[in-house]
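Enquirer: Chains as they are written, first to last, in numbering that gives the first Met the number 0: chain A, 0 to 273; chain B, 0 to 247; chain C, 0 to 598.
In short, the hints are calculated from the structure, not lab data.
Certain hints may be false.
[Claimed, not checked] Straight-line distance between alpha carbons at most 27 Å, and here's what the computed DSS-like set of lysine-lysine pairs gives:
hint, chain 1, residue 1, chain 2, residue 2
1, B, Lys-109, C, Lys-7
2, C, Lys-298, B, Lys-24
3, C, Lys-272, C, Lys-319
4, C, Lys-501, C, Lys-563
5, C, Lys-298, C, Lys-272
6, C, Lys-597, C, Lys-563
[What the hints assert, rightly or not] Chain C regions said to be covered by chain B (calculated; three or more residues, Cβ under 8 Å):
hint, region
7, 26-36
8, 238-250
9, 306-320
10, 351-358
11, 432-443
12, 460-467
By construction, the Cβ of each residue, glycine as well, lies at the ideal position given by its N, Cα and C atoms.
Here's the letter readout for the chains.
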Amino acid sequence: MASYSARDVHEDRAPVGMGSRTDRWWIEPVLVILTLVSFSAYAMWRAFEGNYYDSLQALERGAREVPLLLSPFYSPPFHEWFPGFKERFAISPALFVLVFPLSFRATCYYCRRSYYRAFFWDPPACGLPEPGMAKRKRYTGESAWPFVLQNLHRYALYFILIVVAFHYKHLYDACFVMGDAGRHFGIGLGTMIMGLDAVLLSLYVFSCHSWRHLIGGGLNLLSSAPIRLRLWRIVSALNARHGLYFWLSLITVGLADLYVRLVASGIIADPRII
Amino acid sequence: MRDTIRLRVFRGDASGGEEREYEVKTFPGMVVLDAIHQIQGEQDGTLACRWNCKAAKCGSCSAEINGLPRLMCKSRVEEFYDAAGVIRVHPIKTFPLIKDLVTDVSWNYKVAESIPPLRIREGTPRPLRMDQSDVERAQEFRKCIECFLCQTVCHVLRDHNRTDAYFGPRYMVKIAALDMHPLDSVERRSFLRRSAGVGYCNITKCCQEVCPEHIHITDNAIIPLKERVADEFYDPIRMLVRRLSGRK
Amino acid sequence: MEPYETVKHDVLIIGAGGAGLRAAISVLEAGLDCGIVSKSLLGKAHTVMAEGGAAAALGNMHEPDDWRVHFRDTIVGGAYLNNHRMVEIFAHEAIDRVLELEEYGAVFDRTPEGLIAQRPFGGHTYRRLNHVGDRTGLELIRTLQDRAVSMGPTVHMEWTVTRLLTSDRGVVGAVAYDRSDGRIIVIQAKAVVLATGGWGRMYRYTSNSWESTGDGAAMALEAGADLIDMEMVQFHPTGMLWPPSMRGILVTEAVRGEGGILRNGTGERFMFKPEYMPERYQGKFADSPEEAARWLDDKQNNRRPPELLPRDEVARAIYKEVRAGRGTVHGGVHLDVTHRGAAYIRRKLPSMYEQFMALGSVDITAEPMEVYPTVHYTMGGIHVDADTCQTAVPGLFAAGECAGGLHGANRLGGNSLTDILVFGRRAGLSAVEAASERKHEPISESQVAAEVELLLAPLGRTQGEKPSVIASELQEIMQNNAMIERSHEGLTACLSKLQELKERAGRLSAAGDRRYNPGWHAARDLLFQLRLSEAIVRSALERKESRGAQWRSDYPATDPEWGKVNLTVALRGDELVVTRVPLPPMPEHLQAIMNEGKK
Chain A
0 MASYSARDVH EDRAPVGMGS RTDRWWIEPV LVILTLVSFS AYAMWRAFEG
50 NYYDSLQALE RGAREVPLLL SPFYSPPFHE WFPGFKERFA ISPALFVLVF
100 PLSFRATCYY CRRSYYRAFF WDPPACGLPE PGMAKRKRYT GESAWPFVLQ
150 NLHRYALYFI LIVVAFHYKH LYDACFVMGD AGRHFGIGLG TMIMGLDAVL
200 LSLYVFSCHS WRHLIGGGLN LLSSAPIRLR LWRIVSALNA RHGLYFWLSL
250 ITVGLADLYV RLVASGIIAD PRII
Chain B
0 MRDTIRLRVF RGDASGGEER EYEVKTFPGM VVLDAIHQIQ GEQDGTLACR
50 WNCKAAKCGS CSAEINGLPR LMCKSRVEEF YDAAGVIRVH PIKTFPLIKD
100 LVTDVSWNYK VAESIPPLRI REGTPRPLRM DQSDVERAQE FRKCIECFLC
150 QTVCHVLRDH NRTDAYFGPR YMVKIAALDM HPLDSVERRS FLRRSAGVGY
200 CNITKCCQEV CPEHIHITDN AIIPLKERVA DEFYDPIRML VRRLSGRK
Chain C
0 MEPYETVKHD VLIIGAGGAG LRAAISVLEA GLDCGIVSKS LLGKAHTVMA
50 EGGAAAALGN MHEPDDWRVH FRDTIVGGAY LNNHRMVEIF AHEAIDRVLE
100 LEEYGAVFDR TPEGLIAQRP FGGHTYRRLN HVGDRTGLEL IRTLQDRAVS
150 MGPTVHMEWT VTRLLTSDRG VVGAVAYDRS DGRIIVIQAK AVVLATGGWG
200 RMYRYTSNSW ESTGDGAAMA LEAGADLIDM EMVQFHPTGM LWPPSMRGIL
250 VTEAVRGEGG ILRNGTGERF MFKPEYMPER YQGKFADSPE EAARWLDDKQ
300 NNRRPPELLP RDEVARAIYK EVRAGRGTVH GGVHLDVTHR GAAYIRRKLP
350 SMYEQFMALG SVDITAEPME VYPTVHYTMG GIHVDADTCQ TAVPGLFAAG
400 ECAGGLHGAN RLGGNSLTDI LVFGRRAGLS AVEAASERKH EPISESQVAA
450 EVELLLAPLG RTQGEKPSVI ASELQEIMQN NAMIERSHEG LTACLSKLQE
500 LKERAGRLSA AGDRRYNPGW HAARDLLFQL RLSEAIVRSA LERKESRGAQ
550 WRSDYPATDP EWGKVNLTVA LRGDELVVTR VPLPPMPEHL QAIMNEGKK
């Protein structure tokens, strides 16, 4: 151990509040709060509504032909696997389905950054004194209960991988329409929206930090595993935009659900392209 | 650019201080450090600040400019003055104040020493051979110039004063450079969790935002280290497999 | 008298750059108590500014390189003024010193075979610069710093040593003050290693920081050691020119090593002009831009571009182009590397890209840089024994930039980073040996008292000269008269102005108290600068020829007779005395190496 010559200084720091930021640092946390709160409110409303998640419903309401769209809030389709789910459990199957994306997003490294800042003020913005710092209990971060659970992010990842697969199954389904002539091929605006949702969700999931670790980040001698090295480089490139994909995929999944609701409830008819 | 700007510089020591205003003449390309030098040369030779290279390579002239941790030599004045031509320059807040813009950062040096150094795997033939793709990760972390801007902006150290529990981003980067060295043979996971306190980081990424060397501190160093620690301590299936297979 | 603290070490190392830290490693390996004094925080020393690489003939690039070629290149580059034995040791040991860094944890760029990658540089026949992008110095100092501190030295950060204490048995210690609180400390030591770096700060435009005031060389002079080759100050061809705020900041030679092209204000690639090709390099460089372009991809069958001539030649060529009215808008030349492509530039020259982008608003992947020579390095320094780094004062050793002799009249890029490793280690080992033979000697209270009085005097004066004013005038006269082009007239004018400044510096005053007071710190540094400026000017006056970095417009030719002598400077009373010292004849085995190169 080296020793350093002592000097006569106090432990006191410069006055913390003095010279603090005066720029508009609050814009980001405000946007985060608004987006997350409104998305959650919408998602909760849709889950409890427990209706208009399958576009086939539109046929009952007199539509002649509809695309086969299933709301991503109801995927994987528990309601198909356990018919009468809602009646039996008096609860919408969406609530079960939503656990998967919710746990993935809640433990997502990017999302953690955003809500620790916006909701926990830990810190609200870089270099800004944390409000009520002195009164708060001893900070333990993610080293103790409850936030130590964030370390289980990889398990949320395993489940979301299944969800991603289902999104592609639903995208495949969305390439068909059901009508008087039965089921046949057809692409509409709905297909595009389902496609966008599937692609952005994939970008979000496959740019995940835990996925990056799994693919190759945990290895020190990547050069001896050339395929994993190549994959790791691709994932690393995606990872640089993980935050962007987080927001985009959040918006598109909400949009996809909204679109399905509009079609299923007969408010709009899906414009056909092919 | 304005012809003159007004620099409000913190003057004082641990017993107290105040902002003092200095008017300085500008010139093309002027950085905040130039303005400080002008004050020292023409107005007040007692104004204390650290600097060396004036080219963003040594990491000495760290300060808080308008409340944001920055290198003064890399902060162009025209990007910082407000409508009244004012720039506020304060010392970094996380470490004990010595005088004016100079703080006592010796804690960092003590932390550095407690990190287990590189130990090359036994039997590695010489000359050492390493693949460029394997050294690149460590090379990113070794760009660190030890300006300690990440340490000062880290709220665990800055607001919660947990220097007792967490080494700070600078040393997560240092540990990452060692742990990802292709020839290293030291097991650092338990050290990372217990001594270095990687769990205290809540990845709010301010360190990465202020890094003048653009090191992806959070994405490339801290999170991968958290994942490595999770492999060892927080992954029940892996832990079970390890126990069943008898591996340590 | 002013109270002071006393600390004791077996070996005191003054300076914590690469040379000081490498010396410390040797001392600590021997199990001795080692004190390291650093003027700045640890790890901020000038070594971090080195960019291009560390020259050592590892021969990793499929070229027939070995230490002999490195020896020859260094002597030819130094215009034959180098100390032969030092160069021999240097070229030989540089290889092990670089490989040793990898054991300590340095992570160099790699070749496809996984070995350390080497890049071409001015004056080196083969690709020889072991590098990490363009931040090799940082890698070096951090590696040495980590290694040294893990071995348990005592580090005195932000202390400035201002005087060496001597007895009739040589050096016995030093006087220092703590920059943060102005405390006076007397350090007792059995042996002292000076590793204090250079003194470029006395010039207006320099790549050097405030630290480069030559404290070590001046203190050695005052303690009875002599200096050598003081007229040889390196003007790096490419410093930043615009914006004014960045004037003088280094643009690494690696830009030219990676293919950078120099063009004057009219767009002409002037380095191809025959007048800029010195005789000793004729036939060794590409004679057309086409060959130079082919060299980028095929180094075996083509010769390197003339932009890679040694620094003295390129700096002079740029200076002449600008003086002849062919400069750019701001009075420099263009350095263009855009033809290498954006991705390559960002990978190989990342910190240059960042430096120009952030500080100069210039995208070097898309437009040329504007450059002009800047004061960069001092070849001259403390006269030491080649094998032991021993100065004329018993117990006192010197290594790195503060020592002279290795580089002769011009240093090749990349040689300084290995210089500090090779001779840092040797100085450390010699200090270990000296410390085992010597003991702590009583210090002279009168020497301490004299230094304390000198140190504190400016704080007591309310009416007096401001250090910053004199420092600025000093920079002005040195820039104007002792830069690239020198003449009897300019140098004598400079000398008389120096006498005036010296006289005024006897009445320096500094406001404030002893707590972290830069104005007061500068006052003591200024005295060192004035002393060394005089040594430079007197030596430059004495050498009546042009050689290496020394270009006398009144003696433009290189004189073979002058090639046989070095100039040394010693202090007699308060007078600097310049002496001609003949170079020893080159031993046969080294002569043979030189002759091989002529074939």
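Enquirer: Going through the numbered hints above, which ones does this structure break? Give me the numbers in ascending order.
Expert: 2, 4, 7, 9 and 11
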